[in-house]
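Put together the whole structure using the sequences plus the hints.
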Amino acid sequence: MKPYTLTVSPDFMPDYIAGWYIFNTWLQKQLGEAIHVELYNDFASQREAILRDEIDLIYANPFDAAMLVREKGFTAIAAPLNKPDEVVLAVPKQSAVQSIDELAAGLRISRTDDPDVNLIGMMMIESANLTSSNTDVQLVDNYVLVAKALFQEKADVGFFLKEAYHNLSDFVKGQLRVLLTSEIHVVTHVLLAGPRFKDHHDRLQDLLVTMTELEKGAGVLQSMGLDGWKQQTQEDTEFMIDLMDTLQ
Amino acid sequence: MQDMHLDDVVPGCVSQTLTYYDGTERQVLVSDREVPFPEGKLIVSRTDPQGILTHGNQSFVEMSGFSEAELIGQPHQILRHPDMPKAAFKDLWDTLARGEKWTGYVKNLRKDGAYYWVLATVVANVRDGQVVGYTSVRRKPSRQRIDECIEQYRQMIAQESA
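Note that the protein sequences, when read in sequence, are chains A and B.
Taking numbering that gives the first Met the number 0, the leading residue of the first sequence gets 0, the next gets one more, and so forth.
Taking numbering that gives the first Met the number 0, the leading residue of the second sequence gets 0, the next gets one more, and so forth.
Just so you know, the hints here were simulated from the structure itself, not pulled from any lab data.
In this text the structure is predicted, and so the values were computed from the model without any measurement.
Be a bit skeptical, because a hint or two may be false.
Derived Cβ-Cβ restraints for the label pairs, each shown as a range [to be verified]:
id, chain 1, residue 1, chain 2, residue 2, range
1, B, Ile149, A, Thr211, 30 to 38 Å
2, A, Asp201, B, Ala68, 29 to 37 Å
3, B, Glu69, A, Ala17, 48 to 56 Å
Restricting the straight-line Cα-Cα distance to at most 16 Å, the calculated cross-link-like pairs of lysine to aspartate or glutamate (EDC-like) are [what the hints assert, rightly or not]:
id, chain 1, residue 1, chain 2, residue 2
4, A, Lys229, A, Asp155
5, B, Lys110, B, Glu61
6, A, Lys92, A, Asp155
7, B, Lys40, A, Glu182
8, A, Lys197, A, Asp52
9, B, Lys85, B, Glu24
10, A, Lys82, A, Asp244
11, A, Lys28, A, Asp155
12, B, Lys100, A, Glu214
13, B, Lys40, A, Glu125
14, A, Lys92, A, Glu182
15, A, Lys71, B, Asp127
16, B, Lys40, A, Asp52
17, B, Lys85, B, Asp21
18, A, Lys1, A, Glu85
We put the beta carbon where it would ideally sit given N, CA and C, even for glycine.
Printed below as a string of structure tokens:
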């Protein structure tokens, strides 16, 4: 039988790549099933794989949850503990801008292809009458390059996943200033399982929510940069999808 | 819905009568004090299909001036401000009935008589093909758009009263 395929939202921190492979090894042992890890460089190529029905388990960006749940029949399993997706809007340290309301048309925005960060980031500057039509969006490959665009003054504001911002080196952060941090609390990555994995949903959920108590579980979580998992009901995920829908 | 009480409101409030779509009335006490939208936050609430509040996040509770216990089980229109035209809410319900999401600028009334402006988006919660409720998410509005709405809503209310 073809092994199941696990993938991870491409916006995970590079420091934790090995952690996801360790998690997969742990999970295969616990479930007694063959699971293969497939990582993608960007969201577009991951979505193509999802549309080709090549994915069975995914640590999904909340932006993609709507398509996975409502179009592909994925089921909510768990969400990471204490890890909401919050967004930092940062400016060069010497920028004269002190508040969102001071941002003006023609704003140069540096950002990655991270879809929920971009959605929340654009929502946060909307109160200054800024949209994609009167701003200059510069797409870069990662958050270090977003920071670089700021301190080289090639961009006026950068959109960061909060976790990524705080993982920047002190030297880099020392050249930036946080303009605003979102406090949304309810938008989070979520682990979803596809229809082919249906027979293992309950067992998988049990394993994840008790992972900190299981053999080697705490160490595996640490290698992924997670505190643990909490149960995510289908309604929890449907609610988050509705919320994301209101922001688009 | 209960009338507002002088004990709950800030000084200088003016009494007005709100008439809802079903003909029921409520005495409200209205101040000219505006409470700014909290930076970086979203105000989120959910209702059942009849518009009765079932959930509200911390920002929703804090901005309303009520306690969570006072809000849950109440009609969402407990936040209705007399400066909002009836036509805005008719448009909201007509839009939702068509299966579309509604977005608009809304002036909300707090328990203490003060007010706050929001940019609100409301979507139906559809589960297994059935509408089981509505989610409303409010974000910080543009001051320029608020100023435009103040005048527009004033004209709409004048037409409704004529």
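Okay, the hints, checked on the actual structure:
The beta-carbon spacing between Ile149/B and Thr211/A, approximately 53 Å, falls outside the hinted interval of 30 to 38 Å. Checked against the hint of 29 to 37 Å, the C-beta distance between Asp201/A and Ala68/B comes to roughly 35 Å, which is consistent with it. Checking the proposed 48 to 56 Å range against Glu69/B and Ala17/A shows it holds: the Cβ atoms sit about 51 Å from each other. At roughly 38 Å between alpha-carbon atoms, Lys229/A and Asp155/A are farther apart than 16 Å, so this suggested pair is violated.
With a C-alpha separation of about 10 Å, the suggested pair Lys110/B and Glu61/B falls inside the 16 Å cut-off, and the hint holds. Restraint check for Lys92/A and Asp155/A: the C-alpha separation of about 11 Å stays at or below 16 Å, so the hint holds. Restraint check for Lys40/B and Glu182/A: the C-alpha separation of about 5 Å stays at or below 16 Å, so the hint holds. A distance of roughly 14 Å separates the Cα atoms of Lys197/A and Asp52/A; the hinted pair therefore holds under the 16 Å criterion.
Only pairs whose Cα atoms come within 16 Å are accepted, and Lys85/B paired with Glu24/B is accepted, the gap being roughly 13 Å. Proposed proximity of Lys82/A and Asp244/A is contradicted: the alpha carbons are some 21 Å apart, above 16 Å. At roughly 49 Å between alpha-carbon atoms, Lys28/A and Asp155/A are farther apart than 16 Å, so this suggested pair is violated. Restraint check for Lys100/B and Glu214/A: not satisfied, since their Cα atoms lie roughly 47 Å apart, outside the 16 Å limit.
For the hint linking Lys40/B to Glu125/A, the alpha-carbon distance of about 13 Å falls within 16 Å, and the restraint holds. Between Lys92/A and Glu182/A, the direct Cα distance comes to roughly 22 Å. Violation of the 16 Å bound is thereby established for this hinted pair. Between Lys71/A and Asp127/B, the direct Cα distance comes to roughly 15 Å. Compliance with the 16 Å bound is thereby established for this hinted pair. Between Lys40/B and Asp52/A the alpha-carbon distance is near 36 Å, which puts this suggested pair outside the 16 Å criterion.
Proposed proximity of Lys85/B and Asp21/B is supported: the alpha carbons are some 12 Å apart, at most 16 Å. Of the pairs offered as hints, the one joining Lys1/A and Glu85/A is violated, with about 37 Å between alpha carbons and a cut-off of 16 Å exceeded.
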